[in-house]
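Number of protein chains: 2
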Amino acid sequence: MTTPQRRSTGGPRQAAAIFAATLELLADKGYDGLTMESVAARSGVNKTTLYRWWPAKDALLAAALTDSDLLSFPMPDTGSLRGDLLALAHAIAELLTAESTAPIATAVLAAAPARPQLAQVGAAFFAERLGREQPVFERAVARGELDASCDPAAIMDLLAGAIWFRLLLRGQPLTPEYLARAVDLVVDGLPGAS
Amino acid sequence: MTTPQRRSTGGPRQAAAIFAATLELLADKGYDGLTMESVAARSGVNKTTLYRWWPAKDALLAAALTDSDLLSFPMPDTGSLRGDLLALAHAIAELLTAESTAPIATAVLAAAPARPQLAQVGAAFFAERLGREQPVFERAVARGELDASCDPAAIMDLLAGAIWFRLLLRGQPLTPEYLARAVDLVVDGLPGAS
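Chains as they are written, first to last, in this note's numbering: chain H, 1 to 194; chain X, 1001 to 1194.
Don't read these hints as lab results, they were simulated from the structure. Possibly wrong hints are sitting among the right ones.
Stated by the list, open to error - To spell it out: a stretch of chain H is covered by chain X in this simulated footprint if at least three of its residues, at any positions, have a beta carbon under 8 Å from a beta carbon of chain X; those stretches are:
| no. | stretch |
| --- | --- |
| 1 | 41-53 |
| 2 | 63-76 |
| 3 | 119-131 |
| 4 | 185-192 |
From the three backbone atoms N, C-alpha and C, an ideal C-beta is built for every residue, glycine too.
Chain H extracted, bound-state conformation (with noise of 0.2 Å):
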């Protein structure tokens, strides 16, 4: 692990122990199975640590999420928006398939429906990945390749949207060409649609 950005929340020089312990239990016991507690436990930190920089465990989760070096991935800047919308489509899948990440995200998707302070973990997990993600469409309104009116966040949900439920709703594997030919439908639309 390296050393760990303390990008929106500030934390304790254990930010990162901390963040990894949250997310590990979050993807073994569940989001009932965590609490601070068992994160002191595995972190080895103490939990008046904890309690001094994170209220209670919907806090600390929700900087864990949007902190961690573990869901984080490079904004790509390939030169074209096709280009970065495909690898911004195969890091989505990565995420959702890699040993060391699938289980989190489904743990979050499994947990939030329910639970409405989770609910709004993955909101603003959601809205600070696409604060990340605004430069791809910057970019491409200055290339000239996008309206200037288009908004970016309808765009991630197409292309977010259908990765999502195509792996785990659909229960349909992501191969290179599933990824590819939602890139292009999204950017090109339907063929043969006027």
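Position chain X against the provided structure of chain H, taking the given hints into account.
Okay, now just chain X, sitting in the frame of chain H:
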């Protein structure tokens, strides 16, 4: 409740009551709280009768999801692909937000990632649903609105995925404007992208 439509799996004459009890219990108690015993108790149908038709709760749940009138909606035939996709988008949004159906959809979503059997149930449900959506795309090809090479599953991944992602992961409302814009993006692709 209307007369049960025993579309794909057959079942006893009390199928409507059994399916309703199954889906109510899933919504109330979650997947783990759903048992053959509790379905028998709530529906007033003998447990022996249940086991005669469905060997286990996954088979019963699959039948309930696929055959219950609760989750079905009429397939649109508006005369245009865009109109049909917009009607589908509204129907999906209604299922995910209506008081009578939202808890069922989110309970399936919540349980699926961690439970392979339920993932198969979900996959079977969406495969059956896709089969019922097929005429929308066949008519669009026949009208010259869509290339025959197009994959309806990939198109529905974009549309349904965006709606699920927007509501359940991003935590944003599904307004009529949002649904119309999502359909336009799916049909037309990105404005300004060549």
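Evaluated hints:
no.	hint	verdict
1	41-53	violated (count 0)
2	63-76	violated (count 0)
3	119-131	holds (count 6)
4	185-192	holds (count 8)
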